[in-house]
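Taking the hints into account, I'd like the entire structure generated from these sequences.
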Amino acid sequence: MLERDADIVIIGSGAGGGTVAKEVAPLCADGARIVVLEAGPKLRDDEFTGREVEMARQLYTDEGGFLTQDRAMTIAFGRAYGGSTVVYTGTSLTITADTLARWNVPGVAFDDVHRRSLKYLAENNVHLLDEPDLNDNNRLFADACGRLGYRVEQFPLNLKGCRGSGMCNLGCPNAAKMGTHRVQLPAAERQGVTVVTNCLVHRLEDRTVVATVRGDAPGEPSPWESGEYRIHAKVIVVAGGAIGSPALLLRSGLGAALPALGRYFTCHPALILVGQHPKPITNYDGHPKSYYCDEFADSEGFLLETCMYFPFTTAKSLAGFGADHARMMATMDRLQMILVLAIDPPEAGNRVMLGRHDETVVRYAFSDGVRRSLVQAMRASARIFFAAGAERVHAPAATRFFIEAADAARIDECIPLDGLRLGKTTIASAHPMGGCRMGTSEADSVTDAWGRVHDMPGLFVADASLFPRCAEINPYVTIMALADRVAEAVRREWPALKARRS
Amino acid sequence: MVAPISAPRRAFLFSLASRIVPWSVNLTPDRRDAFLGLIGDALATRPPAMRRQFGLFLGVLRWAPAVRYLRPFDQLDGQRQDAVLCWFQDCPLALIRSGFWGVRTLIFLGCYGHPDAGTRIAYTPSIDGNAVLHARARR
Chain B
11 MLERDADIVI IGSGAGGGTV AKEVAPLCAD GARIVVLEAG PKLRDDEFTG REVEMARQLY
71 TDEGGFLTQD RAMTIAFGRA YGGSTVVYTG TSLTITADTL ARWNVPGVAF DDVHRRSLKY
131 LAENNVHLLD EPDLNDNNRL FADACGRLGY RVEQFPLNLK GCRGSGMCNL GCPNAAKMGT
191 HRVQLPAAER QGVTVVTNCL VHRLEDRTVV ATVRGDAPGE PSPWESGEYR IHAKVIVVAG
251 GAIGSPALLL RSGLGAALPA LGRYFTCHPA LILVGQHPKP ITNYDGHPKS YYCDEFADSE
311 GFLLETCMYF PFTTAKSLAG FGADHARMMA TMDRLQMILV LAIDPPEAGN RVMLGRHDET
371 VVRYAFSDGV RRSLVQAMRA SARIFFAAGA ERVHAPAATR FFIEAADAAR IDECIPLDGL
431 RLGKTTIASA HPMGGCRMGT SEADSVTDAW GRVHDMPGLF VADASLFPRC AEINPYVTIM
491 ALADRVAEAV RREWPALKAR RS
Chain H
259 MVAPISAPRR AFLFSLASRI VPWSVNLTPD RRDAFLGLIG DALATRPPAM RRQFGLFLGV
319 LRWAPAVRYL RPFDQLDGQR QDAVLCWFQD CPLALIRSGF WGVRTLIFLG CYGHPDAGTR
379 IAYTPSIDGN AVLHARARR
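Quick note, the sequences are listed as chains B and H, same order. For the first sequence, our numbering begins at 11 and goes up steadily by one. For the second sequence, our numbering begins at 259 and goes up steadily by one.
Be careful, since some hints might not be right.
[Claimed, not checked] Some chain H residues close to chain B (C-beta under 10 Å, calculated; not the full set):
#  : residue
1  : Val279
2  : Thr303
3  : Pro305
4  : Gly313
5  : Gly317
6  : Leu351
7  : Thr363
8  : Ile365
9  : Ala380
10 : Thr382
11 : Pro383
12 : Ile385
13 : Val390
14 : Ala395
Derived from the structure by calculation, the hints contain no laboratory data. Computed from a predicted structure; not experimentally measured. From the three backbone atoms N, C-alpha and C, an ideal C-beta is built for every residue, glycine too.
Encoded structure:
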């Protein structure tokens, strides 16, 4: 076992860990030894090939198909230098005052979170795409929403030099997405922070991180030689994501002291809907996600977003098999796609836990409300497709594979409320949240409003696991804003913490 | 790292694939190897228990039709094979449905996860998609 000493260890390098790394990096000038431990690889620019399966294997946990305990849903989360910020589409929304009021965490004020969010919008070059860079898939959605009277907005995106490969979810092959791998981590490293990639953290012991560095992993070699490590630290910031962080703390034996640990997991369960147009449209060329519709967020509990996925992801997202399925797939250049996200409530029973062999398990039960939201979202999407000119639509809960345009007036009949069958329909999530929720007491939370784990000085959490409820929007900017608060707490407490014996 | 798929299991996977992705019957020998490689690689990264369940479920898919048709799946005609698969897909038991979903997903992976599939399905993305977009707009 190799031994290392550090002052601050940050576990994870995504929106949470990458942000904390950059914001505490000035402490390096004060002599602080700061290390980021990242389980995934740091790929070289030429290793972002845009090939679906190859990139999924290198950049996602379980190739993006981490299964919930009952196998009714897959959860996609990144595992790379930059975490999930390497594989998101860069949609940069800030949390609303209404949502933050629903979070109801004493000490987390909207003005403060908003101010910090704006800081990262500027830092990450967030802007709206110009009109010529919007493809038909996006324009058709916006136009149809307008025609139907649905509220629709353009996504602000964190891009610099985007060439519209459309491969955002496979890691941008043009190095254009301003995730933490492009902005915050390089800034932290310039100030003296060390980022150790291919480093899997197993558990925390008393102010010690137990981890393994792999030598046979892809990408740039890790700065540390391969082997098993015990890293002694004065401050530990856990930022392994809403699945990784609760699992790590549970594996470290903190479950008994923190009964809320792992609980209140939410994830915006999502579906991909497809409409087929009579002629080719531009869809896989250009940025895939330019518009969203939040018309039904309050009334029906769902959001609609434009999207365009890759062949395998599309194939598994369609229900059914055989000739109809193959016919739909054969016309990728005629497909319009919509991503549906349900706004799911925090339930104590939805949780990250450990299995018999200490493996990470996510237990998630779909409430009646979420099921209803997903079906209502399919109906709204079908209306949008037909309003956009699609000749047929595929909805996984429909009574038959294709809904033809002639049936556009009978959508509710074609997509019955009880049509959603768990285990048959592909439901996927890419927004895991909660599990180390902020609050005021151990009874119903894991950390305070600054990410400090209750009664465990020097131990912080800084990622989406802090969310007490779902974000109701794409969450990365909010994660960065909260991580900025955690970094501020670390800096504030640093004089006292650094005097501790590691 | 490729989890070995036994010869009988390989044959049965192709039999299933012929109903799930009809064009898979035309795969070249090289692409058949790639199909199995993609599935094998995916299985190799999953826990041993899940791999065992996959093998067990393939066995159930193969032999369950014998209860009704007195023949295993691969000796049924195409119409009956489709009927069996539809029964598994819509089975009242969620566990069976999700088992079928897993097998179906692996077959899609073998067929559509290969870069060659793009040309067959009119999917030819470019690293410089905006240039394609702008050129089409000028036409």
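Tested hints:
no.: 1; hint: Val279; in the structure: 6 Å, holds
no.: 2; hint: Thr303; in the structure: 7 Å, holds
no.: 3; hint: Pro305; in the structure: 7 Å, holds
no.: 4; hint: Gly313; in the structure: 16 Å, violated
no.: 5; hint: Gly317; in the structure: 18 Å, violated
no.: 6; hint: Leu351; in the structure: 8 Å, holds
no.: 7; hint: Thr363; in the structure: 5 Å, holds
no.: 8; hint: Ile365; in the structure: 8 Å, holds
no.: 9; hint: Ala380; in the structure: 4 Å, holds
no.: 10; hint: Thr382; in the structure: 8 Å, holds
no.: 11; hint: Pro383; in the structure: 5 Å, holds
no.: 12; hint: Ile385; in the structure: 5 Å, holds
no.: 13; hint: Val390; in the structure: 4 Å, holds
no.: 14; hint: Ala395; in the structure: 7 Å, holds
In the structure shown, a violation is registered for the earlier hints numbered 4 and 5, in ascending order.
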